[in-house]
Amino acid sequence: MSTAPDPAAPAAPAAALALGDDALVLSHRLTEWTGHAPVLEEEVALANIALDLLGQARTLLSLVGDEDELAFRREERAFRNVQLVEQPNGDFARTIARQLYFSVYQELLYGQLAAGAGGEPAGALAPLAAKAVKEVAYHRDHAEQWTLRLGDGTGTSHARMQAGLDALWRYTGELFRPVEGLALDWAGLAAAWRETVGGVLERATLTLPEGPRGTGWSAGAGREGVHTEPFGLMLAEMQHLHRSHPGATW
Amino acid sequence: MPETITERGSRSGAEAASGPRTDPGAAGPAPAQEAAFEAKIAADERIEPRDWMPDAYRATLVRQIAQHAHSEIIGMQPEANWLTRAPSLRRKAILLAKVQDEAGHGLYLYSAAETLGTGRDELLDKLHAGRQKYSSIFNYPTLTWADVGAIGWLVDGAAIINQVPLCRCSYGPYARAMVRICKEESFHQRQGYELLHTLAHGTPEQHAMAQDAVDRWWWPSLMMFGPPDDESAHSAQSMAWKIKRHSNDELRQRFVDICVPQAEILGLALPDPDLKWNEERGQHDFGAIDWAEFKEVLRGNGPCNDQRLDRRRRAHEDGAWVREAAAAYAAKRALGAAGPGEAA
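As given, the protein sequences belong to chains Y and G, one line each in that order. Per the working numbering, residue 42 is the first one in the first sequence, and the count goes up by one each step. Per the working numbering, residue 19 is the first one in the second sequence, and the count goes up by one each step.
Among the clues, some could well be false.
What the hints assert, rightly or not - Among chain Y residues calculated to face chain G with C-beta under 7 Å, some are:
{"no.": "1", "residue": "T75"}
{"no.": "2", "residue": "D109"}
{"no.": "3", "residue": "R190"}
{"no.": "4", "residue": "T195"}
{"no.": "5", "residue": "E278"}
{"no.": "6", "residue": "A289"}
{"no.": "7", "residue": "W291"}
Stated by the list, open to error - Each computed DSBU-like pair below joins lysine-lysine, with the alpha-carbon atoms no more than 30 Å apart:
{"no.": "8", "chain 1": "Y", "residue 1": "K172", "chain 2": "G", "residue 2": "K201"}
{"no.": "9", "chain 1": "G", "residue 1": "K151", "chain 2": "G", "residue 2": "K313"}
{"no.": "10", "chain 1": "Y", "residue 1": "K175", "chain 2": "G", "residue 2": "K201"}
{"no.": "11", "chain 1": "G", "residue 1": "K58", "chain 2": "G", "residue 2": "K260"}
Claimed, not checked - Which residues of chain G face chain Y? A partial, calculated answer using Cβ under 10 Å:
{"no.": "12", "residue": "I91"}
{"no.": "13", "residue": "R108"}
{"no.": "14", "residue": "A121"}
These aren't lab readings, by the way, just hints derived from the structure by calculation. Virtual Cβ for every residue (Gly too), placed ideally from N, Cα, C.
The following block holds chain Y by itself, in its conformation from the complex (with noise of 0.2 Å):
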């Protein structure tokens, strides 16, 4: 597989692409929870997430070619994901507000993909969006409902969620850079989450970090392939079994 962007690949592929891989590199994420959570019913809760995802991905990656092929023998940089969906696990709290950050945004998207906005080539992904805005609005209010409890909970669980916040923030930029082939409102988007996420944070007594995340310097290419470190071992953990028998079938 090539790992450069092909300039001749129609644009719902590549947007298909790019949020294909957002769901399937979270959906790992929260899989490495498996057997970890801090009580069972977030066993079930983020295992729940993570199939859901797990499924946006499959039927996203699907319209850009074989899931599995996709999946499991593209090279780190020929990942579209943005970087915040590869960020590690940390702590609890750091993992919710990863999951805050993201699924407002997923939210949002797939809402406006839904309606019908992004032009002619989004509109291969309306049915998918459709469908997944639901799930994702309970993502969404889960990952809420825990950002209120941990900061507003004990003093600890307030430090450990301003901190997992404050560590990702400068991830949250990428979110709005254009998706090829979405002709969406994007700083409608960037404005609509930021008003968001601030009011979550406000009742949660967090505050909305500051810091570089879209002007100036920010982390984030991973649109265009560029990736962080923790992301290549993932990387080398999920595709170990399948490149070890190539053409096998599971």
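Guided by the hints, dock chain G onto chain Y, whose structure is given.
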């Protein structure tokens, strides 16, 4: 997925003491209560949480349900070991759904135990302190992807045979939880069988992987039915109370007879040279089980006992601050709702 029987003596007194008193203020049960209980058992009616029940009946159920619940949550570990390496997205989704079911089964079962007056926290503390068991099968490692298939086919298959009769168990909440659990276990067993079938009919390397997994999981799966009937500590009383409906050896035989033709379809050999059809009995004869190994693993000396329990304890300890935060948040909300002038 429990062994329906353990080798350990009952700790009925200690466990019953933590539940609601079965007979408050009295030295012994009123004869009328005991007679009513016995009559219900005899009539195959269900005992419900508010019904009077003997302390030992309660303790036996708590012990068994707790062991089953612990088995579900510890049993997530050997499969989670392969979740992040699942070789196709379809397999990954199936395995993730399965492991999620197991967490769900843990929830139902801890809830069933709670109806007997013993809360989840107390049971988890006992598990973490090594005072309550989980199924020994999970002390074996998952070394290859094929082990995921072998667990589904053999371990879940054995669990189903153990558990289907529990749907008719005399204690209502446990029986009802088991109905739902058995439906899901049946899906688990089929996915394992189908996974192994794919491997067994795949490349030579995949076939070898599948055979190796069956070689390693066959005997431990037979041990899941518990010790032979003449050495089973709890069997007689549990049968009388209709908590247990069939003997260990009876269920083990049923399992062997089901597996033999399935192994043939899979194209995999069961690792027992003494396994053969006995025309006279109308059942398969099979080789001697290494009970010394069973006892060693139960004693804590299996390949993964320490690893499984350590990981469970660590997850619990690492999550303590999260549970404390949730409790503190809930307390603040309760206070806010009760206090004057507080915004909701």
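Status of each hint after checking the structure:
Nearest Cβ of chain G to the Cβ of T75 (chain Y): about 4 Å, under the 7 Å cut. The hint holds. Because the smallest distance between the Cβ of D109 (chain Y) and any Cβ of chain G comes to about 5 Å, under 7 Å, the interface hint for this residue holds. The criterion of a C-beta within 7 Å of any C-beta in chain G is met by R190 (chain Y), whose closest approach is roughly 4 Å, and the hint holds. At its closest, the beta carbon of T195 (chain Y) sits 5 Å from a beta carbon of chain G; the interface hint therefore holds under the 7 Å criterion.
Interface hint status for E278 (chain Y): upheld, as the beta-carbon distance to the closest one in chain G is roughly 5 Å, under 7 Å. Taken as an interface hint, A289 (chain Y) checks out: its beta carbon lies about 5 Å from the nearest beta carbon of chain G, inside 7 Å. Here the hint on W291 (chain Y) is kept, as its CB sits about 4 Å from the closest CB of chain G, short of 7 Å. Simply put, K172 (chain Y) and K201 (chain G) have alpha-carbon atoms about 27 Å apart, close enough for the 30 Å limit, and the pair holds.
Simply put, K151 (chain G) and K313 (chain G) have alpha-carbon atoms about 13 Å apart, close enough for the 30 Å limit, and the pair holds. At most 30 Å may separate the alpha-carbon atoms for a hinted pair to count; K175 (chain Y) and K201 (chain G) meet this at roughly 27 Å. Pair hint K58 (chain G) plus K260 (chain G) holds up; C-alpha atoms about 11 Å apart against a cutoff of 30 Å. This hint holds: I91 (chain G) has a C-beta 7 Å from the nearest C-beta of chain Y, less than the 10 Å allowed.
Interface hint status for R108 (chain G): upheld, as the beta-carbon distance to the closest one in chain Y is roughly 8 Å, under 10 Å. Because the smallest distance between the Cβ of A121 (chain G) and any Cβ of chain Y comes to about 4 Å, under 10 Å, the interface hint for this residue holds.
Hint compliance for this structure: every hint is met.
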